[in-house]
Amino acid sequence: MAQNPEDVDPHDPVAHAEAEGDVEPHDQMLTETDATVTLAEAMDEDRTEEVLDRLADHWPMVQETLESEDLPEEPPERVAEWNGISDTLAEADVGFADTVDTLVSRAQRSYPSLLKLRFEPDEEIEFVPGHYTRITFEDYPPRVYSIASSPNREYIELTVRRVPGGGLTPHLCEEAEPGDELFVRGPYGDDFGLDEPTERDLVFVATGTGVAPFWSMINYVFEEGWDETDGETQDVYLVLGSSWEDDLAYHEEWQEMDEERENFHYLPTLSRESRLSDWEGETDYVQQVFLKCLDPDAVDTDDLPEKLQGFVGEELAGGETPNLDPDSLELFICGIGAMANQVKEVAEHGGIPERFRNVESYG
Numbered sequence: 001m002a003q004n005p006e007d008v009d010p011h012d013p014v015a016h017a018e019a020e021g022d023v024e025p026h027d028q029m030l031t032e033t034d035a036t037v038t039l040a041e042a043m044d045e046d047r048t049e050e051v052l053d054r055l056a057d058h059w060p061m062v063q064e065t066l067e068s069e070d071l072p073e074e075p076p077e078r079v080a081e082w083n084g085i086s087d088t089l090a091e092a093d094v095g096f097a098d099t100v101d102t103l104v105s106r107a108q109r110s111y112p113s114l115l116k117l118r119f120e121p122d123e124e125i126e127f128v129p130g131h132y133t134r135i136t137f138e139d140y141p142p143r144v145y146s147i148a149s150s151p152n153r154e155y156i157e158l159t160v161r162r163v164p165g166g167g168l169t170p171h172l173c174e175e176a177e178p179g180d181e182l183f184v185r186g187p188y189g190d191d192f193g194l195d196e197p198t199e200r201d202l203v204f205v206a207t208g209t210g211v212a213p214f215w216s217m218i219n220y221v222f223e224e225g226w227d228e229t230d231g232e233t234q235d236v237y238l239v240l241g242s243s244w245e246d247d248l249a250y251h252e253e254w255q256e257m258d259e260e261r262e263n264f265h266y267l268p269t270l271s272r273e274s275r276l277s278d279w280e281g282e283t284d285y286v287q288q289v290f291l292k293c294l295d296p297d298a299v300d301t302d303d304l305p306e307k308l309q310g311f312v313g314e315e316l317a318g319g320e321t322p323n324l325d326p327d328s329l330e331l332f333i334c335g336i337g338a339m340a341n342q343v344k345e346v347a348e349h350g351g352i353p354e355r356f357r358n359v360e361s362y363g
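Okay, so the sequence shown: first residue is 1 according to UniProt numbering, each after it adds one.
Take the hints with a grain of salt, since some may be wrong.
Below, a list of computed lysine to aspartate or glutamate pairs in the EDC-like style, where the Cα atoms sit at most 20 Å apart [to be verified]: (1) Lys116 - Glu154; (2) Lys116 - Glu256; (3) Lys116 - Glu174; (4) Lys116 - Glu41.
Hints are computed from structural coordinates only; laboratory data are not their basis.
Kindly produce the complete structure, drawing on both the sequences and the hints.
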């Protein structure tokens, strides 16, 4: 029976969809059960000291630019002291002001901001890679999260991104610990999943925690031997974007998988990391990196937005050029709506048939 829309949590899209009759849970699979947290672990890092060291590198330029401000000889040792300096640099409209502001903002964010949450449900939850579930923690509003663990695991794993001021995520990041009780309902997600092998190469494109269902899917593909059909091996590509290196969920595990499996190719791209470290990898947006991977002869360049056209045929940061054949690909996209729309546009003009484009977007 559908719920009354007035009775549901206004922030819970699944509850609202059910109340409006737009989403039907899996009648044969839906489980409601208590669960026990077994792991609550930060996936990102507190990089305050690293930020202060990098800001100190900019101090001579700051002194030269703001020579009338009577600044001390040594750079500030606390991030809070950089706030006013950052604002003054922005008003002066100097080239490195944005870098200073970006670094200060990074140091001021709450830690942890990316959480690995693992729990064992009292009752088994049967799901397909790509499905999601709703969890309730204490008296906080319930939220939905993609399942990151493979169906072959005895536990359920989620990746949780802290939303400042959010009703649940700050509490999970700060309070959840092994032994805590959750209430879990799911799975949901008929339209986005990987439930059978394919003869096509697989390409996954994600930003942020949009990679969570792909951790489930890709592990399951290799566990089940779905990367080989009739003696032919399929390649698996992951294009994963974020701002900072430690915001790439499962980054080290992806790197290890890339080294161990010849047919797995990990392509991380980071928009801000080079301001803090010596990152030499991709810095473009995921839709641009994905476009670089496609066979340029198959892309209808003239129909692409002008801002994307220059990436057709461009080499990746590592020098490799996959030249992927769009006629042999199946594409999965997960992340914020603006990104997903642009990746879909690249796929359309890149010649990937619509039936082989799978999308889950939010925001």
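Now for the hints, and whether the structure bears them out:
For the proposed pair lysine 116 and glutamate 154, the alpha carbon gap of about 16 Å is at most 20 Å, so the pair holds. With a CA separation close to 19 Å, the supplied pair lysine 116 and glutamate 256 stays within the 20 Å bound. Taken as a hint, the lysine 116 and glutamate 174 pair is honoured in the structure, with Cα atoms around 12 Å apart against an allowance of 20 Å. Distance check on the hinted pair: lysine 116 and glutamate 41 sit about 5 Å apart at the alpha-carbon level, within 20 Å; holds.
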